[in-house]
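Undergrad: What follows is each chain in one-letter form.
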Amino acid sequence: MAHDTHIHVRSQAEFEYTKKKRAEEMRGHLATFAIMIFLTLIAFTMVTAGFSAYLIVPIVLLLAAIQVVLQLYYFMHMSGKGHGMVAFFMFCGMFVAFITILALVTIVWW
Amino acid sequence: MSSIAQKKGFGATIWDFMTTVDHKKIAILYLISGGIFFLIGGLEAMLIRVQLAKAGNDFLSAGTYNEIITMHGTTMIFLAAMPILLAFMNAIMPLQIGARDVAFPFLNSLGFWLFFFGGIFLNLSWFMGGAPDAGWTNYASLALASEGKGIDFYSLGLTISGFGTLIAGINFLVTIINMRAPGMTYMRMPLFTWTTFVASALILLAFPPLTVGLFFMVFDRMFDANFFAVEMGGNTIIWEHLFWIFGHPEVYILILPAFGIFSEIFAIFSRKRLFGYTALVFATILIGFYGFMVWAHHMFTVGLGPTANAVFALATMIIAVPTGIKIFNWLLTIWGGNISFSVPMIYAVAFIPSFVAGGVTGVMQAIAPLDYQLHDSYFIVAHFHYVIVGGVVLAILAGTHLYWPKMFGTMLSEKLGKWTFWFFFIGFHLTFFIQHFLGLMGMPRRVYTFGADQGWDLFNAISSVGALFMAIGVIILLVNVVLTSIKNERVGNDPWGDGRTLEWAIASPPPFYNFAQTPLVRGLDSVWIEKMDGNKKGMIFAEPLGDIHMPNGSIIPFVISLGMFIASFGALYFLDGDKPWALAVLIIGLGITFGSMLLRSLKDDLGFHITKAELLEDAKGGNTDGH
Amino acid sequence: MMKGIKKWRLFALMTTLLVFLAGCGREEISTLIPAGKVAQDQFNLLILSSIVMLFVIIVVSIIFVLAIVKFRRSKMGEDMIPEQVEGSARLEFIWTAVPIVLLLILAVPTVYSTFDLADVTSMDVQAEDGNSTHLTVNVTGKLYWWEFEYPEQGITTAQELVVPTDERVYFNLISADIKHSFWIPSIGGKLDVNPENVNTFYLEFDQESSELEDGVFYGKCAELCGPSHALMDFKVKSVDREEFDQWVTAMQAEPTPAEGALAQQGEELFGQDGLACISCHATSGAVTASGVGPNMATFGDRNRVAGYLEHNEENLKNWIADPQEYKPGNLMPDAASLNGGNELTDQELDALAAYLMGLSVEE
Amino acid sequence: MDINQKYTPQSWPEHPETATMEGKNKFIGFWLLLAAETVTFASLFATYLALKDKGPSGMEFSAAGLYELPLVFAMTMILLTSSLTSVYAMYHMKNHNFKAMQAWLGITVLLGATFLGLEIYEFNHYVHLGFGYTNSAFSSAFYTLVGTHGAHVLFGLSWFIALMLRNAKRGLNMYNAPKFYLASLYWHFIDVVWVFIFTVVYLMGVIG
Ligand code: HEA
Ligand code: HEA
Ligand SMILES: [Cu+2]
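From first to last, the protein sequence lines are chains A, B, C and D.
The first sequence begins at 1 in my numbering and counts up one residue at a time.
The second sequence begins at 1 in my numbering and counts up one residue at a time.
The third sequence begins at 1 in my numbering and counts up one residue at a time.
The fourth sequence begins at 1 in my numbering and counts up one residue at a time.
In isolation and in its complexed conformation, chain A is listed as follows (with noise of 0.2 Å):
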């Protein structure tokens, strides 16, 4: 552990190029949050229109799925570098929550 922080300081070419990378990603992130924002909004119109529950659900689930894969891919970076055991985990995570609510939807009523 004491050896583990050896500092590199960039050419001005490297840090140029990182920072314009930043940049175009951070304008990314913008798109994303647009998205979302968008999605959003149909969640919301789509209930206040008063469509058929049936039609509803499944809907603004599937809205509600693909906003959390933007957060989780693009605003948390589980896609990047390093990230292989987190995502083992999180979808360890999420597979333990999925049979949860399930069981617990399905089998508590009978």
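Keep in mind the hints are simulated off the structure, nothing from the lab.
In this text, a Cβ means the ideal position worked out from N, Cα and C, and glycines have one as well.
Zero decoy hints are in this set.
Just some of the chain A residues that point at chain D, by a computed CB distance under 7 Å:
# : residue
1 : M36
2 : A43
3 : A53
4 : I56
5 : Q67
6 : F75
7 : F89
8 : G93
Given chain A, work out where chains B, C and D with the ligands should sit, using these hints.
TA: Chains B, C and D with the ligands alone, transformed into the frame defined by chain A:
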């Protein structure tokens, strides 16, 4: 017990342990407190068996009996078996992967103290108006109706110790993911490390539902919430689901590390590489995975409907396959080996038929329609003691003998060890084998007495005699520990002579900084590889000798946990009205906890360095504890 | 049909074997001596699975014993280093495949039986006269006693279930308080008695209980429900259909007044002007309301006092005087508290006992 | 690692949050905690769904009649935006621009606090309608689920504030960079949970 104890005064030793963040010392703390809880749980088991020794016995009253079985189950599972396994994980796993310490030494200590205070809190219920009495499963309708504070002790105590366990689980996972020595790929990790990994993953994902369930329980009982209050629309089956979503993975949290310990033992004492290492690893992962999909097999009689019952029955049966893979790979490991029957190996060998017997009754229970008969009968009690005592407890006893030299630098007596084994093993089968038939003969579990007219007298009496044998075995073990510590004959790195993994390449007990130089791992069973290559040291190094960075000890984890402990008493009583002090206690307790957390985050604690010179000095003097 | 009988012979053989092994549980209560279709099905599953499990254990044991006998160090020599075998794909395949096959053998009857035993579709089937073709009993679990209501017959009894033999009897189960579980081991597996929902299943009684030594099957509560969980027993009388119908008729009739001075004094004490026991305990079988305490209409016919004590006046009097002593945590007030704080005299207890023992619908 | 080591944007590593061993450990450990939190919230959601609209006979409240969508919509927008502002903060953290990071974090905190205020207002409103915590199984489950989320928001806010104050004078270094990063991860996770809350509780509640 160790050399440190003799050099320092008693007070200083205590302080040392209270502030330690060293995984090896924390392991000792886990072992001692888990051991004491095991004795308490065992004592409760003896009381159960005395009460049931004859029909119509009135040794214990009905209410007391329910408290005792509840505390027996809870203590054994949460406060004895799991912590003792955590002790071995702490002591051995970082050494096996060649790490300097665990990923979060501070949290490691916090995890221990939370478990410890949670356990003490739970057991104090005996002296403060009655222990919990709704069974270790604490089913909601009974728990809500239970008078007194017992159930609140249960909920709060398990919440606290549960947080401790969760922290330990995260800590081990990160350690294994990040801190492996160079060359220690996942598929070169010793099996005990693998099982630690999977068990920790189960802890990570199984404890949250329990915590949530316990919160509901607290809210329902103390704040008039209605999660389980039927007349207010609540539903008690929710508790059953949450409990078992936790509860079934929990039994694999117990058995997987036990499998790990036995895997090490089979290889060492057969002097042979584990047969089908890859299969063993994947079987471990599969068991962990399936473990989450079968919980409703504890609820076959609840009335979930035939579809749910059939699905869960089939899912449960599947677990027999990976478990069988393990059993047969172990058999093939000893097959063609050169078996030395030292005490750990005797346990390992005895484990196989015992556990298989328990496992196959598990599969019988998985047959849902048959389980309608077996459920909540003594057949179940027989099943789970066969897997737990025949699996987990045998592993704990084996591990205690196997790793005692590594933890304390001296060997437990082989002779007394064999006496313990025979008493315990015979007693175990005597106690529990016959309980299968009691169950089939119609005896329900959790009955404080039974009438003489039902034909269960003889078998119960035999069962109680068996328990006595087990107690004698345990007492011999205690004698063994005391005598060994008095004699204190020091041993070298590899006292069993056939060590295969990294923990056997380091001094017993290891210096507080573990490996002075991080080892380089060249394959599975790295020490064995080096030995076969004629490298006497048992390892080669991945780095030159240099300064080592170490974390400082800290009393803060202790204080944080103490604060929670104090606050729990306040939480227990502050709604009572007649106890105005309770609110103050609650606030003071929380104040201590949050204050010390704040202190921790404000004060930078950057640790210290051991210099190369000191390390060289150490190596020369053979001084192992670094002081 | 022939084939079926042959199968039964094999099972009978195994049965004797197992019963022998089990040191013969009592036939009133042992799952090993099934006395009805459901228990028989479950027993067959037990035998089938035991055979499979025995096979597994034997295979493991053989390998195991051979290994530890053949490869001990005393034989192999102190210094011998065994070959470090990595594994074998073929063996892995075998011990994956064989257990799967064994499990499939178990899986088929498991699924079949799970659905079969849960099949209550014919419960509400009605015969031409508008009555349903099968008997239905509503069971309510209460703190340490059982109530059995026969909705179509309009009668209620407690603690002792009376059922006809050789037909399907359907049960609706619900709890009035804490979760219980309804179990008659020799007749069939248990089903939980939850506070929030009605559970339904069926049982069949193939044997008349009068053939048993004790004259009744034993039933149990199988789910921890408080201090007296162990004592929450009930009994089952299975009688042929004719006798059952007679019993129903007798239950529906007005109870006959108590005979004899002592019993009449007891009736007085039991009534509103005495201790008011009657406000919790009905004494007529012809009620459908859910009672606070057990219905006493059949008390004299019972096999046990309080579900588990021997059926005699002594126990009855002890029980009335101090119910908490016999079933801790039960909801019956002790006699003194009903009597303005005074203990009942022996004479009063005698009277109550005489009255209660006289309550009967069987002749 | 030396806590007093000063960095320039040039010497600041590309992934400061995982550049040290401590950072790496914290990073993985925190994600694991989030996996556990996922299961925690799943248990709460599952219970809520099982108990939705369940209460004593004659209960006057139901999800369809109770919830007020405009308020929830406003809360959603605010929280989503705060997620974006915390992304901005991390953007500047990686560029080693401490001031900008603090500023964006400040905005995040303000948005979060507004959200929390609205939630408290909402709860208060329901309670005044007579929909108290102990009213029914439904009310207990609702308040516990949404309230647990609220508690997470509160904790996230305190965390941000503590970090901002503690490091105001020190600036960014390798010791606190992982902490800032984790706090922002936590914030995103809170947002993820909220997405499900507004979908499953409110939207699906309103349509009945
Ligand atoms: C360490 C603990 C542990 C372990 C490992 C297990 C392992 C298993 N358990 Fe057990 N169980 C408990 C602890 C454990 N259990 C406890 C504590 C309870 C009761 C809780 C309570 O109610 O208080 C319980 C209860 C319990 C029930 C509920 C019974 C009831 O209450 O009605 C069931 C039902 O399916 C079950 C099944 C199984 C199965 C199928 C396995 C399997 O994992 C076993 C697999 C192993 C083998 C099968 C043997 C080896 C395999 C071979 C040699 C291959 C060939 C085998 C075949 C083809 C069969 N268990
Ligand atoms: C890890 C788990 C574990 C372990 C190791 C054990 C170990 C034992 N258990 Fe336990 N048991 C459970 C977990 C465990 N049990 C659970 C979960 C339940 C269900 C509870 C419930 O229904 O809610 C249960 C229930 C249970 C019952 C059923 C009670 C009932 O349903 O009414 C019985 C009855 O025989 C029993 C017996 C025993 C015995 C004889 C041992 C023996 O193996 C114990 C051996 C140990 C000793 C004998 C130590 C003795 C020590 C001394 C004598 C020294 C004392 C001295 C000092 C304190 C200094 N257990
Ligand atoms: Cu299980």
